[in-house]
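Visitor: As a plain string of letters, each chain reads:
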Amino acid sequence: MNKLVKLFITSISAITLALVSFSSSFAKVEGDYIVLGSAISLTGKYSSNGVHTQNGYNMAVDRINKMGGVEVQGKKYKFEIIYYDDESNPKRAAQLAERLIKQDGVHYMLGPYSSGLTKAIAPVTEKYKIPMVEANGASRSLFTKGYKYLFAVLSPANQYLEVAIDLAVEKNGGKGVRIAQAFEQDAFSQDVRLGILDAAKRTGSEIIIDDKLPKELNDMAATLAKVKATKPDVLVVSGHTKGALTAIRQISEMKVDVPMLAMTHCDAAKLSKQHGKKSEYALCASQWHKNLSYKDKFFGSGKKYDKDFKKEFGYAPPYQSAESSAALLVFKDAFERANSFDRDAVRDALKTTEMQTFYGNIKFGPGGQNTAKPMILFQVRCKGDECENKVVAPTKWASDKFYHPIPKWSERS
Amino acid sequence: MDFLIFKAPMLMVQASLDGILLGILFALIAYGMALQWGVMNIINIAQGDLVILGGYIAYTMYLAGIHPAWGVIVSPIIMYFVGWYLYKLVINKVVDRDLFISILATFGIAIVMQQLMNFIFGADVVVAQSEYGTTMLFDNSVTLPNSKIFSAFISVLYAVGLVIYMKKSRLGRAIRATAQNARAAKILGVDTEKVYAATFGINAALCGVAGALIAITLTLHPYVGLPYTVRSFMIVIVAGLGNLPAVAISGMGLGLFEEFADYILGTEFRIGAVFMLLVFILVYRRFKLSKKREYLK
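These protein sequences, in sequence, are chains A and B. First residue of the first sequence? That's 1078 in the numbering used here, and the numbers climb one at a time after it. First residue of the second sequence? That's 42 in the numbering used here, and the numbers climb one at a time after it.
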């Protein structure tokens, strides 16, 4: 028995060793392929958004490869991605990033899903000087740590709902407004909150309710009762999909009348599908919407992307997919401008990125965040039982007028 | 600290009613826990996950076009068998070991259940719509969702039904006998193994009812079971085992305590306040978790 165990252990070690030495020979570029690595949440609590992210990456890889690939020093290369499932667990994500870099020899990384996981991976990519373009980590703290190899195609979290406060002030004739806010206690939502605090200060608005929701909470009745009693001009809620769904459920049940309701994660929560007409008039922050007029030669316009994505994956692309696709376009552009596979050359090229994609303009600030793309707001509007997200701000892309104030529940059918 | 609640009497009414309605629902979950804790001396960490699974059963019905309120009948039936099989599969192998092993085993069940629910139902947060509307009191200044009133009503109904069942039925009497003295019950011809399995099944069925009610009043997600486990654990600690009126009162008390902590200390301290209370009560009552075990195989 003991012998058998020993034999087993020896053979396993031998196989592992062989695999390790074999995979180390995998380099950043293999034949005609540029190999990118990504740890992504395919199981665990982020798995739905993880899959949206992966679909976005895959869609862009296919498209770029089909349209001629990446040209470096006169030779055409194709993209290939090695994925590992991080189980929505930050520790696991950091391990996998290490494995991608050390064992698989990956020299360029794509980001995982969520701010929390990106925060776990960034120190690893930084340590090994691996350029990472990420599309799903918006937390402001990612961009204040002085990371040199991290680039994010999305707008940072503090910008999510600032526009909403500006809009409320505009509707109030330029005077400051009274804000009630409820944010979950996590990195992302608290960054959104900081943005609101800045906007309130800038516009002379007053924050009358400032609740922090514990992560485990799925009941906001107390916050909403306070809102009913104090009658603010605008109610801001951010707590991922759970926060959005709980808020709409309880606002409609408790008949809370507020002139303006601004939220995050309406898209991901499928708000208008799950709550139907109850979600009407909610104002939602979004990184992207198909109706925006940005263009590029790979995906054409947002509308075209929407159509192609639906055809390929059978559902309308949430912004998580669109921004993930954009990350690949950024990499391609950087490789071609660097005209080299040297990591630092690619990083320097990424740093000077200035381009338009179907997803928006991309230009990186000193911390690696995208400074060229504004956040947009859409409002849920319903015709009969059919509800749709209509872009209402910024005015440049508004397809519909912003409906304000929200009618009272007693007047809503 | 915020004393808004003391300035507006209507807020006080709203908070009290919200707290009590929520507390009744917690009490139902806690009653199941108290029952199987009392009978088998097992602390079931998977309690909250059984609740969520019950909720997903109601949600599945909702997706199929059936009103989710029917879940309060269908879900406990399915969950009874889930509980029964869980007992046969895992619990009866650990029930005679020490308390720590049973906590570990049920913790393992909790993780497996979370992953399975995530795999089957997806990681999205979901809600089932009851369309029950709202009851408005005091000129619309206090609002009570009818779904919450419905859930409190159903909880009371099941709790009362169970008390009667425990008193009158043969199995109920056998369960109570086993809880009092397993050895004596066995000598007098009670099939304790069957009693244990049935108890675990009844506990799971109660979780099923509570889950269906949560699907129509709150939200469902594969990973939100733990807070329900913690709350029911607390209620049971306060109330003691096998004392239903105490469980009900302690449940409502906890609901009230949470709501008022939310208003006065701030929402961020709501769950923290619950844990503080737990520590306080544990110290105060010197609750002996390592009470003498009385399992017989």
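Quick caveat, the hints were computed from the structure, so don't treat them as lab data. Hints should not be assumed to be uniformly reliable.
What the hints assert, rightly or not - Taking lysine-lysine pairs in the BS3-like style, the calculated list, with each CA pair at most 25 Å apart, reads:
(1) A:LYS1222 <-> A:LYS1252
(2) A:LYS1428 <-> A:LYS1460
(3) A:LYS1332 <-> B:LYS48
(4) A:LYS1179 <-> A:LYS1143
(5) A:LYS1308 <-> B:LYS48
(6) A:LYS1374 <-> A:LYS1473
Here the structure is a predicted model, which means the values were calculated and not measured.
Visitor: Check each numbered hint from earlier against the structure, then list the numbers of those it violates in ascending order.
Guide: Hint check: 1, 2 and 4 fail, others pass.
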